[in-house]
Structures are given as C-alpha cells and as structure tokens.
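Listed in order, the protein sequences are those of chains A and B. Just so we're aligned, residue 811 is where the first sequence starts under this note's numbering, counting upward by one. Just so we're aligned, residue 811 is where the second sequence starts under this note's numbering, counting upward by one.
These are computed hints drawn from the structure, not numbers from a lab. You may find that some hints are simply not true.
You can't tell identical chains apart in this list, so a pair holds if it fits in one copy or across any two.
Derived BS3-like pairs: lysine-lysine, alpha-carbon spacing no greater than 27 Å straight-line [to be verified]:
no., residue 1, residue 2
1, Lys938, Lys883
2, Lys938, Lys959
3, Lys824, Lys835
4, Lys956, Lys938
5, Lys956, Lys863
6, Lys835, Lys883
Computed from a predicted model, the values in this text were never measured in an experiment.
Residues per chain are reported as follows:
Number of protein chains: 2
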Amino acid sequence: MTDQNSFPVSMDPKERELGTTLAPKFDSHGLVTAIAVEAGTGAVLMLAHMDEKALRLTLETAQVHFFSRSRGKIWRKGETSGEVLNVVEMRVDCDQDAILLVVDPAGTGAACHTGRKSCFYRRVVPGKSGFELSTPDQPPLFDPEKVYKS
Amino acid sequence: MTDQNSFPVSMDPKERELGTTLAPKFDSHGLVTAIAVEAGTGAVLMLAHMDEKALRLTLETAQVHFFSRSRGKIWRKGETSGEVLNVVEMRVDCDQDAILLVVDPAGTGAACHTGRKSCFYRRVVPGKSGFELSTPDQPPLFDPEKVYKS
C-alpha cells in the first residue's frame, strides 16, 4: 500500500505488540475482527469484521462501521434499524488483528438483527445426544420483520 | 463431512438462528471465532479461533482449546504457561460463526502471552498525526521470557 494515510503494513512483531503505533494486521481478506461490548455493563453485544475503510470511518465518525462479508460492502451499524453503536473507547489486542469496541448503543439497544440486545442469546448446554442450545434467553426489543422491510 | 459425530453443516438460516441445534458455521478455513471473557467481571481477555476439534475438546474437557492459525495446530490454552482457562459457560451468536466463552482463569490470571491479564491492554487515542495507541495500561503478571523458554 502506498497511500500516505494507510496504516503501517510491516512492523517488528515486538513493536506491534508493545509500541504506540496503530498498525492493524488485516488478514488475507483485508479484515480484522471486531467485538462490541456495552459501556458500563461490559456485555458482549456482537462480533463482526472491519476492513481498513470501515475502521477509518469508525475512528473518524465515532459510530461503528463494519464490512459485511456476505454483502461484500461497508455497513454503518444501525443504518437500517437505527440501532447505531456510538464508540466510547476503542482498544486493540497484542498482535493488532482484533479490535475491542466499547459502545453506547442508540435506538432500542438491540445490537442483534434478530431484535435482541446481544447476538449471544443462546447457551451451549448438555442435551440427550451431545450438546445443544438453550432457547433464546433474551426477548426481542424490536420486530425484525417490520424493521428490515425489503 | 460424513463423521456421524460431526455438527450439522447445512441448515435453514432461521433454524440456525433461533433453534436449539448446535451447528457452528465454520469459515472457508474451517474456523469459528471465539472470545474469552472473565466470569464475574465480564472483562474481555482474548480473541482466537477454533476448528471443529478444538471446539469439541473445549466442550468435552471444559478447558479452552484453540486452533493456532500461525502454528497450524490445536493448542490447549495454558499448556505452556499454565494460564489455563476453565469454561464456566459457552454461548453462540445468532448465525453460529462466533463463540463466547465465559471463563475462570487459572494460573496468575494472565490470558495474554505478553503476561498481561487481557490482550486488549492498549487504547486507540488521538495523536499528533492521526490515531495512535496508549502505552500498555496493564502490568505484566508473568515474565514471558521466563515462561516461554525455547
């Protein structure tokens, strides 16, 4: 990459781990993984991916942007549903291939497209023949069929 | 996959989202993303990946196993450092391509290979020319040079 505004691509691993330069390590698809947790409670809301542009837009606007792998495009979280995530704090992990977003959810507070607060609404539990999932343990806060009208 | 113990591969998307069948959606590399958070505090400790075997070992032993993308093999978290993560609860997200591990850390409580409690020990902060990282805001709990002797 030659864009002068690009993040550094190659970097000494120790410097990437302990230094003060933001140098995200994008994978072979140009993505890093991002986790959103709710400010205050720390509840894990969702996990998604960011390309370089989504990361820059998130930094510049303080509203979470992701890259949708299924749709192949940038997506401002909440652009359809109104369930915007405002960034309170952003952190990176040791090798800079993961981003932690501490967010203040707008809208009804439902980060999941199913209408639930968190995407992690089912537990893995022992079942009759191996492991299965509990039924969703969070109520929908909005009706996805009304919110995502085609 | 024909192994009778394998997880279901194809499934109606609605059933995968709202049903009670554990049907992890492994990516083209055969991996799902896993986040470990500390039981009690909810602190995000680390993010890594699991293949089907690592997921099964985690379920069967209640100790976190990952698949190391760099080393190309299964890795029992803490096998070298002693920083084992005991599973208190496992959750899946809506489309079952991400796993949330609620864990009780053993050892010194340092999940990160740098010796820190969490891998997310740096904040993204405004700098002189764009964004940079804060210096690590967590002390190392162990000395990685002593723990990871070659």
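Against the structure, the hints:
1. Lys938 x Lys883: Answer is neither; intra-copy 41 Å and inter-copy 31 Å both fail.
2. Lys938 x Lys959: Intra 38 Å, inter 44 Å, cutoff 27 Å: neither.
3. Lys824 x Lys835: within (13 Å within a copy, 33 Å between copies)
4. Lys956 x Lys938: Close neither inside one copy (36 Å) nor across copies (45 Å); limit 27 Å.
5. Lys956 x Lys863: neither (30 Å within a copy, 40 Å between copies)
6. Lys835 x Lys883: Cα proximity of Lys835 and Lys883: in one copy and across copies (19 Å, 21 Å).
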